[in-house]
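2 protein chains.
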Amino acid sequence: MLFLKVKYLDLDLETNAIIINEEDLKGTAYYPHDRVLVETSGGSFIGTLYSTKTMVSPGEVGFSKTIMPMPLKEGEEVRIRHAQKPSSLNYIKKKMEGQTLKPHEIHTIVDEIVSKKLSNIELTAFVVSNYINGMETNEIVEMTKRMADTGEKLEWENSPIVDVHSIGGVPGNKYALLTIPIVASAGIIIPKTSSRAITSAAGTADIVEVLANVNLNAEEIKRVVKATNGCLVWGGAVNLAPADDIIINVERPLAIDPKPQLLASVMAKKIATGINYTVIDIPIGPGVKIKNEKEGNQLARKFIELGDLLGIRVECVLTYGGQPIGRAIGPALEAREALMALTDFKSAPNSLIEKSTSLAGVLLELGGAAQPGKGNKLAWEILSSGKALEKFNEIITEQGGKETKPDEIEVGNFSADIISPDNGYITYISNKLITNVAKEAGAPKDKKAGILLHAKVGDKVDKGEVLYTIYSSSEERLNAAVNLARRTYPVKVEGMLLKRISKF
Amino acid sequence: MLFLKVKYLDLDLETNAIIINEEDLKGTAYYPHDRVLVETSGGSFIGTLYSTKTMVSPGEVGFSKTIMPMPLKEGEEVRIRHAQKPSSLNYIKKKMEGQTLKPHEIHTIVDEIVSKKLSNIELTAFVVSNYINGMETNEIVEMTKRMADTGEKLEWENSPIVDVHSIGGVPGNKYALLTIPIVASAGIIIPKTSSRAITSAAGTADIVEVLANVNLNAEEIKRVVKATNGCLVWGGAVNLAPADDIIINVERPLAIDPKPQLLASVMAKKIATGINYTVIDIPIGPGVKIKNEKEGNQLARKFIELGDLLGIRVECVLTYGGQPIGRAIGPALEAREALMALTDFKSAPNSLIEKSTSLAGVLLELGGAAQPGKGNKLAWEILSSGKALEKFNEIITEQGGKETKPDEIEVGNFSADIISPDNGYITYISNKLITNVAKEAGAPKDKKAGILLHAKVGDKVDKGEVLYTIYSSSEERLNAAVNLARRTYPVKVEGMLLKRISKF
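Chains as they are written, first to last, in the numbering used here: chain A, 1 to 504; chain B, 1 to 504.
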């Protein structure tokens, strides 16, 4: 046990960081990153130990002024000892050993993730074990249910409640701004919660935020949906299945998304949102999460099976993810393109219109507004009649925005054209590299930053013709983005003659 | 990219922590724990991003005053962008996928571990993948060699150089204080480096430190070995195979020790110490690393195979690890018990004498001082003749200590007896629980703290008879240890009749 006197620090990097001079740790059984119990006159709490040379003197223990769990007097003596390891650790080890976890074991892991009892090391061990050893369907069901139960839930008086969800990975994927109003204007309830950009240049929530408020709480969501049948809000403002947001912090640095985790996190949010039917969009292609149709089919079957066990009807669609959807990438540019499509579909890229109406078609059939096989036609009718635009404006207005025309949306003042170095055809647009350029220009934080593609895969271009324009609110960032574009070639132009092989 | 002004902080929790106000991160693609590149007028460096509410204001970036890699002016503007992921990450992912790593891939991982380029999340992913997917012999060979090559090395003019190593887990395991002088006094060179306690109540280095200096650098080790043929020093003072010390930081919280890692870390230290022959002690029993003989045999074969490939002759001995070795646990108590054994072996516990002479016997045979099968007898002769004590005193003196009699060693002023609650037999002593009590009393930092067992497994005890005595330099800690002992029962006393089953 260590006996030390309290000192307050201006430190808020981590909840319950416990800072001790390295001299006090020498030769003890206490090491940095140990989980320790701090016993004080007013009770005890658990934290993580760190060592310092300078922040506190020997004999002192430093706590954060801002995030201390209980009031303590500066100079008061506290006792520090090893804390019990969290119960999850035994179950995480079982998963490492390749064993199947019991429901109560999975519940404990999810509970301790949500209450932030697990360190990054323990969380990583869980995620990597799932990645390697996988999970049985039953384990995924239990994880999904518990993830939903450990957060807020939306409840609805009517049914069915439908939903559409993309597992992501394709830039420019602004389909929801068309699909939701099409479905809602057919009288079907579709409360759409979206994420902000995680690794992309614009999440659906970032795009909608150009036109309206997306930070709605549960009450406000219900009001908007009651008034319009739909909504387009940020899921993060309501605390739906929060375990996911914690797990993602260790998945991102490793660039892994274990299938059990992916399935559970999508379906847990569905349960928490209270929906009955959902369509899941699985983009397929190089540079997105799912590389080919076979993998897409497997994942789709898993989603459907899981839906059955959880009482949610799931349909999956595999969609083309080989290049960006539409021509715009970045919040304001994407909002503008979506509004153009709603206002006059002939002025908008086919890929966007087709994806949006296809998804809407499936939802219209699921929701009972169209006969099987007739959904897509109805979706086109609703879009081309102007009803979808009307509904979109209703939703935007209910969310505190106002009706806007496409050319009223401002994009970055600074722009630069990237031109074709040769005559030829566009053979490839890299989802990842084009996203990086848009992010370098400032997206998604700079809402006016992004990219407008002037040509897409298969298009013929001449030398000197503009391939795409980069926009930014900052000249400095625009230059950085142009430099990145010149170094990495996100859009590839090649002649029809790709390689010439001759005898000599 | 982020543009921020430098502010210095008194912060030394982590190398290259980069502290940014959370307002500046909102809506960007930068997240806490991201690896970022800081570009300054004087060059660039890589660090880990953290967010704060209070430590720096929006527009500022905080760096540690003490561990900044380059001089920067307060207020200077720097640019921050995502850093390239370390090359290791791809190889760690290969290991997650169950693939075999190529030599250069393993070298990169070890190099980036040693140069601290990997985060805890990445390190954990590596360790957990090794734990689950294992490594082929060839991978372990490459890892071992690289671990040895990335640290300091001891070189010797003569040969053979012998060594003994225990993989640990048994309390009271002070055999080296007898084995080393026995072997050295037969003219065999045995430069023994030991660890301090990791999870135990006393490492060999902690025990020897009661009598002499153990923090010797490479030069000093050579001088002591030249004068005496042996030494008993702390390996941590020389930088031997330092990757191990970094990896252990993520293994400890998970309480895992993947076999490939265990094998590589032991053998890498052997290569770095420049030894030719080693005996590896593998304690077997409940509550130690290796649970049964079968597992022990497997590990032994692996060590021998690896030794062959690395040019080190390895012999393994499986030893009884079911209860503490000898009766003393804790640095001063163990030093005293070892000195008693060296001075008059009849006054010391059989388990200690037998283990020490058995290991010395194997080493004497390996080193050519005894015919095969005659080593143990020679070890006994050297011990009982007083030559081992003489050699021990030589080594201690060369390491800056002085000849000491067992009863001159001070133990804690405060002590308490734990008595038997019943008539019966000692059926079990928990290695783990008895260690916890010794640590609660202050061991290993309080060198005078620890436990003296008055009875061991199989001994008959009467109600009220003393089972063991706890020592401490602090009354407060003694009380804490007594409380822990009363709660957890590390020594179990049972009647011969364990359970009575009757018809009604």
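Among the hints, erroneous ones may be present.
Same chains, same names: a pair is fine if it fits in one copy or spans any two.
To be verified - Computed list of lysine to aspartate or glutamate pairs in EDC-like fashion (alpha-carbon distance at most 20 angstroms, straight line):
#1 LYS26 to GLU14
#2 LYS65 to ASP10
#3 LYS53 to GLU14
#4 LYS93 to ASP34
#5 LYS145 to GLU408
#6 LYS432 to ASP34
#7 LYS65 to ASP12
#8 LYS102 to GLU408
#9 LYS5 to GLU475
#10 LYS53 to ASP12
#11 LYS7 to GLU152
#12 LYS405 to GLU394
#13 LYS291 to GLU97
#14 LYS53 to ASP10
#15 LYS102 to ASP257
#16 LYS117 to ASP344
It should be emphasised that the hints constitute simulated quantities derived from the structure, not laboratory data.
Do the hints match the structure? See the list:
Taking the shortest Cα distances, LYS26 and GLU14 sit within 20 angstroms of each other only across copies (18 angstroms), while inside one copy they are farther apart (24 angstroms). In this assembly of identical chains, LYS65 and ASP10 lie within 20 angstroms of each other by CA distance both inside one copy and across copies; the values are 6 angstroms within and 15 angstroms between. Proximity of LYS53 and GLU14 under a CA criterion of 20 angstroms is satisfied in both settings, with 19 angstroms inside one chain copy and 11 angstroms between copies. Taking the closest pair of Cα atoms, LYS93 and ASP34 come within 20 angstroms of each other only inside a single copy of the chain (18 angstroms); across copies the shortest separation is 27 angstroms, beyond that limit.
Taking identical chains as interchangeable, the C-alpha atoms of LYS145 and GLU408 are never at most 20 angstroms apart, the minima being 44 angstroms within one chain and 65 angstroms between chains. Taking the shortest alpha-carbon separations for LYS432 and ASP34, only the inter-copy value of 18 angstroms comes in at or below 20 angstroms, while the best intra-copy value is 38 angstroms. Within a single copy, LYS65 and ASP12 get their C-alpha atoms as close as 8 angstroms, and across copies as close as 18 angstroms, so both meet the 20 angstroms cut-off. In the homo-oligomer, the alpha carbons of LYS102 and GLU408 never lie at most 20 angstroms apart, since the shortest distance is 56 angstroms inside one protomer and 57 angstroms across protomers.
In this assembly of identical chains, LYS5 and GLU475 lie within 20 angstroms of each other by CA distance solely across copies; the values are 19 angstroms between and 52 angstroms within a copy. Proximity of LYS53 and ASP12 under a CA criterion of 20 angstroms is satisfied in both settings, with 18 angstroms inside one chain copy and 7 angstroms between copies. In this assembly of identical chains, the alpha carbons of LYS7 and GLU152 never lie at most 20 angstroms apart, being 37 angstroms within a copy and 39 angstroms across copies at closest. Only within a single protomer do LYS405 and GLU394 lie at most 20 angstroms apart by alpha-carbon distance; the minimum there is 14 angstroms, versus 92 angstroms between protomers.
Taking CA atoms no more than 20 angstroms apart as the test, LYS291 paired with GLU97 passes between copies only; the shortest distance there is 16 angstroms, against 29 angstroms inside one copy. Proximity of LYS53 to ASP10 under the C-alpha cut-off of 20 angstroms is found in both arrangements, the shortest distances being 16 angstroms within a copy and 10 angstroms between copies. Taking identical chains as interchangeable, the C-alpha atoms of LYS102 and ASP257 are never at most 20 angstroms apart, the minima being 23 angstroms within one chain and 25 angstroms between chains. With identical chains, the CA atoms of LYS117 and ASP344 are never at most 20 angstroms apart, being 52 angstroms at best within one copy and 52 angstroms at best between copies.
In summary, the structure is inconsistent with hints 5, 8, 11, 15, 16 from the numbered list given earlier, while agreeing with the others.
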